[in-house]
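We have chain A; now place chain B onto it with these hints.
Protein sequences appear in the order of chains A and B. Quick note on numbering: our numbering labels position 52 of the first sequence as 52, and the sequence is numbered without any gaps. Quick note on numbering: our numbering labels position 6 of the second sequence as 6, and the sequence is numbered without any gaps.
What the hints contain is simulated information worked out from the structure, not anything from laboratory work. A few of these clues could be false.
PhoX-like mimics (lysine-lysine), calculated; alpha carbons at most 25 Å apart, straight line [unchecked claim]: (1) B:Lys105 to B:Lys46; (2) B:Lys46 to A:Lys43; (3) A:Lys43 to B:Lys43; (4) B:Lys105 to A:Lys43.
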Amino acid sequence: EVLLLESGGGSVQPGGSRRLSCAASGFTFTNYAINWVRQAPGKGLEWVSGITGNSGGTFYADSVKGRFTISRDFSQNTVSLQMDSLRVEDTAIYYCAKERLSTSRGAFDYWGLGTLVTVSS
Amino acid sequence: SALTQPASVSGSPGQSITMSCTGTSSDIGGHNYVSWYQQYPGKAPKLMISEVTNRPSGVSDRFSASKSDNTAYLTISGLQVEDEATYYCISYTGTIGLVFGGGTKLTVL
Numbered sequence: 001e002v003l004l005l006e007s008g009g010g011s012v013q014p015g016g017s018r019r020l021s022c023a024a025s026g027f028t029f030t031n032y033a034i035n036w037v038r039q040a041p042g043k044g045l046e047w048v049s050g051i052t053g054n055s056g057g058t059f060y061a062d063s064v065k066g067r068f069t070i071s072r073d074f075s076q077n078t079v080s081l082q083m084d085s086l087r088v089e090d091t092a093i094y095y096c097a098k099e100r101l102s103t104s105r106g107a108f109d110y111w112g113l114g115t116l117v118t119v120s121s
Numbered sequence: 001s002a003l004t005q006p007a008s009v010s011g012s013p014g015q016s017i018t019m020s021c022t023g024t025s026s027d028i029g030g031h032n033y034v035s036w037y038q039q040y041p042g043k044a045p046k047l048m049i050s051e052v053t054n055r056p057s058g059v060s061d062r063f064s065a066s067k068s069d070n071t072a073y074l075t076i077s078g079l080q081v082e083d084e085a086t087y088y089c090i091s092y093t094g095t096i097g098l099v100f101g102g103g104t105k106l107t108v109l
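Chain A on its own, in the form it takes in the complex (with noise of 0.2 Å):
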């Protein structure tokens, strides 16, 4: 059974730092890509960032570039996403999600249940 497990949400001030993990299980690790996603509070979804199989390749919205980093821990099968100069509007749930194939983008087959990220002073 694929299970993905997110870590690491709670509150943060402004300008502060957060790392959220996602632990992976129930299928070939290495194979597919990761990506995460972020949902505001009564929002919509929002694409935020996604690491290659193989970690390869990482790939990151406008809105996080510079400030997030995605990275994979094969020894331990996460996904990491460090957070760094957070901002009110990074406040959201956050998911980290699978593709359905190695070949395919934006396809996410399975999800975390996600964790709350809450910028605030």
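For chain B alone, coordinates are given in the frame of chain A:
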């Protein structure tokens, strides 16, 4: 920038509805990587359509999709009360990554 979806659509049980998702030649028009998601309040999204027209295993065949130029479409036939949800489209944008639409809230009257 975000793909453009109508804020809301509605239909009666048994009817068919089609919702649109409009982008540009850089995203929808330039790639066959358009997916659609269904989301209920407080729940994670569910993949309904991938690669423009592909319906993953387990998704009802009442859901279908297509693309023409820079616009993608999701059609739901034989509307059911449980189809009431918010639907999001997403497209690959090439080197930039991915972009979602703003979402369409479907009301089944």
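For each hint, the structure was consulted:
At most 25 Å may separate the alpha-carbon atoms for a hinted pair to count; B:Lys105 and B:Lys46 meet this at roughly 15 Å. Restraint check: the Cα-Cα separation between B:Lys46 and A:Lys43 comes to about 17 Å, which is no more than 25 Å; the hinted pair holds. With a C-alpha separation of about 13 Å, the suggested pairing of A:Lys43 with B:Lys43 holds against the 25 Å cut-off. Distance hint between B:Lys105 and A:Lys43 is fulfilled; the C-alpha atoms sit about 12 Å from each other, no more than 25 Å.
Comparing the model with each earlier hint shows no violations; every hint is respected.
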